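Chain A is already provided as a structure; the job is to place chain B on it using the hints.
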Amino acid sequence: MTNHAPAIEIHNLVCRYGHTDAVDGLNLRVAAGRCYGLFGRNGAGKTTTIKCLLNLIRPTSGETRVFGLDPVRDEVAVKSRVAYVPDLVAFYPWMTVEDTLGYFASFRRHWNTATEISLVKQFRLDPRQKTSHLSKGQRTQLALICAICPEPELLVLDEPTSGLDPIVRREFIQTVIGAYQDEDPGRRTVLVSTHLISEFEGLIDEFTIIDRGRNVLTLDADTARERYQKVHARFASDPGPLDLPGTRILCQRGREIEVIVNGNSAQVMEQLRARSPEALAIEALTLEEIFVSTLQPQEAGA
Amino acid sequence: MLFQLNFKSGKAVYLQLVDQVKLAAAAGTLQAGEALPAIRPLAEELRVNRNTVAKAYAELESQGVIETIVGKGCFVRTNSSPFKKDVRRRLLAESIDEAVVHAHHLQIDRGEFLRLGEDRFDAFEQKRARASHV
Numbered sequence: 005m006t007n008h009a010p011a012i013e014i015h016n017l018v019c020r021y022g023h024t025d026a027v028d029g030l031n032l033r034v035a036a037g038r039c040y041g042l043f044g045r046n047g048a049g050k051t052t053t054i055k056c057l058l059n060l061i062r063p064t065s066g067e068t069r070v071f072g073l074d075p076v077r078d079e080v081a082v083k084s085r086v087a088y089v090p091d092l093v094a095f096y097p098w099m100t101v102e103d104t105l106g107y108f109a110s111f112r113r114h115w116n117t118a119t120e121i122s123l124v125k126q127f128r129l130d131p132r133q134k135t136s137h138l139s140k141g142q143r144t145q146l147a148l149i150c151a152i153c154p155e156p157e158l159l160v161l162d163e164p165t166s167g168l169d170p171i172v173r174r175e176f177i178q179t180v181i182g183a184y185q186d187e188d189p190g191r192r193t194v195l196v197s198t199h200l201i202s203e204f205e206g207l208i209d210e211f212t213i214i215d216r217g218r219n220v221l222t223l224d225a226d227t228a229r230e231r232y233q234k235v236h237a238r239f240a241s242d243p244g245p246l247d248l249p250g251t252r253i254l255c256q257r258g259r260e261i262e263v264i265v266n267g268n269s270a271q272v273m274e275q276l277r278a279r280s281p282e283a284l285a286i287e288a289l290t291l292e293e294i295f296v297s298t299l300q301p302q303e304a305g306a
Numbered sequence: 579m580l581f582q583l584n585f586k587s588g589k590a591v592y593l594q595l596v597d598q599v600k601l602a603a604a605a606g607t608l609q610a611g612e613a614l615p616a617i618r619p620l621a622e623e624l625r626v627n628r629n630t631v632a633k634a635y636a637e638l639e640s641q642g643v644i645e646t647i648v649g650k651g652c653f654v655r656t657n658s659s660p661f662k663k664d665v666r667r668r669l670l671a672e673s674i675d676e677a678v679v680h681a682h683h684l685q686i687d688r689g690e691f692l693r694l695g696e697d698r699f700d701a702f703e704q705k706r707a708r709a710s711h712v
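First to last, the protein sequences are chains A and B.
Under this note's numbering, the residue at position 298 of the first sequence is numbered 302, and the numbers go up by one with no gaps.
Under this note's numbering, the residue at position 6 of the second sequence is numbered 584, and the numbers go up by one with no gaps.
Just chain A, with the same shape it has in the complex:
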């Protein structure tokens, strides 16, 4: 895996719309075979970054490489190895599901028909239905089939599950894990941009949080959950102001205090234990909570 070029490499990407810096010096490196999360609020620059990778828009400056290739100069070589599910899926309305699949397949050198048949059946899509008559969920399912059948090395998902019902969302994620990732996992890379982080929690092995077009935090998911933990303590009486360096106090009300630690849980637990609390508990933050706590403005006095 190490002798492969990384699936994605972005250096100092800047993308400006008029006076707005949608992406402002972003760096990203996604190794082959990983499932990588791009987390950010609305307008953080996720979609713009993805569009630069796919050469759908030209960046103002910076360098983008997909499999070590330039998506502008080697557009065909890159696109033949990539598939993309956008957040808003549009098909030709006069085509049926069957026509659409055939149409997408005609652009691809390779198309796994067995996967197509099994997924159409699994999603209970009617091949003769016109795409204009499909629900939003069905359109996303069709887009996912179109993206998986060519067995691309890189699957790019931009807010794929927003606006879908929970059952369709579950099926979507299971399909990415199963039908897509199962074959040749060392070379099947997923880049998923989302703010519905909890759904992808188990799938993601590395992530970057971006805000205002810049990297805020890049971490391995297991490391992140180990490092960011929430400590809750209750004392017999009001402990007064506590000096806990390297933590963020979430709330302190009377006898109770809740803080977020960042890699210093042992030390903080020790400090709190020394004050003989009535109760002391610690739990990891989920990726979603890490996201919120990273981007939330620091409370005054914390």
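The hints are simulated quantities; they were obtained by calculation from the structure and are not laboratory data.
These numbers were taken from a predicted model, which means no experiment stands behind them.
Using N, Cα and C, we set each Cβ at its ideal position, and we do this for glycine too.
Fair warning: there could be bad hints in the mix.
[Said to hold, decoys possible] Selected chain A positions facing chain B (Cβ under 8 Å, derived; list incomplete):
id	residue
1	N31
2	A35
3	D186
4	E205
5	D209
6	D226
7	R229
[Claimed, not checked] Which bits of chain A does chain B cover? Going by a derived footprint, with three or more residues having C-beta under 8 Å, they are:
id	region
8	170–178
9	278–291
Chain B only, in chain A's frame:
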């Protein structure tokens, strides 16, 4: 479902799987020779990355808990740690040390600690006995 993952435990997800397979094997929920679920259906069911399941299985194999038979899958082994006796004792001593420290802070003395150890051994033996009668 056999496995329960908790993203709030702070423990790496693959290690949670490793521990749960080891617990199930010790408690007899998984018997020696029994097959573990294949990677893909288990990953789909738990909705985790298949690499996570693969990593857990690789770890279990290196610890001698399971074995992979090519083309057939992963199976629970009869007790066969790849380590020598003194290494095994040392590894266990590390865990016991943690429990001793824990006991100290919970004001559990030596006698009570040892009795509790006996009880826990009995509990696991009973679980195994029940599992093998089903």
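Cross-check of the supplied hints:
1. Given hint, N31 (chain A) at the interface with chain B, is violated; its Cβ is 23 Å from that chain's nearest Cβ, farther than 8 Å.
2. A hinted interface residue such as A35 (chain A) counts as satisfied when its beta carbon comes closer than 8 Å to some beta carbon of chain B; here the least separation is about 11 Å, so the hint is violated.
3. Nearest Cβ of chain B to the Cβ of D186 (chain A): about 5 Å, under the 8 Å cut. The hint holds.
4. The interface hint given for E205 (chain A) holds, since its Cβ lies 5 Å from the closest Cβ of chain B, which is under the 8 Å cut-off.
5. For D209 (chain A), the interface hint holds, since its Cβ comes within 8 Å of a Cβ in chain B; the closest pair sits about 6 Å apart.
6. For D226 (chain A), the interface hint holds, since its Cβ comes within 8 Å of a Cβ in chain B; the closest pair sits about 4 Å apart.
7. Among the interface hints, the one on R229 (chain A) holds; its C-beta lies about 6 Å from the nearest C-beta in chain B, closer than the 8 Å criterion.
8. With 3 residues having a Cβ less than 8 Å from any Cβ of chain B, the region 170–178 of chain A passes the three-residue criterion, so the hint holds.
9. Under the rule that three or more residues need a Cβ within less than 8 Å of chain B, the assignment of the region 278–291 of chain A holds, with 6 such residues.
In the structure shown, a violation is registered for the earlier hints numbered 1, 2, in ascending order.
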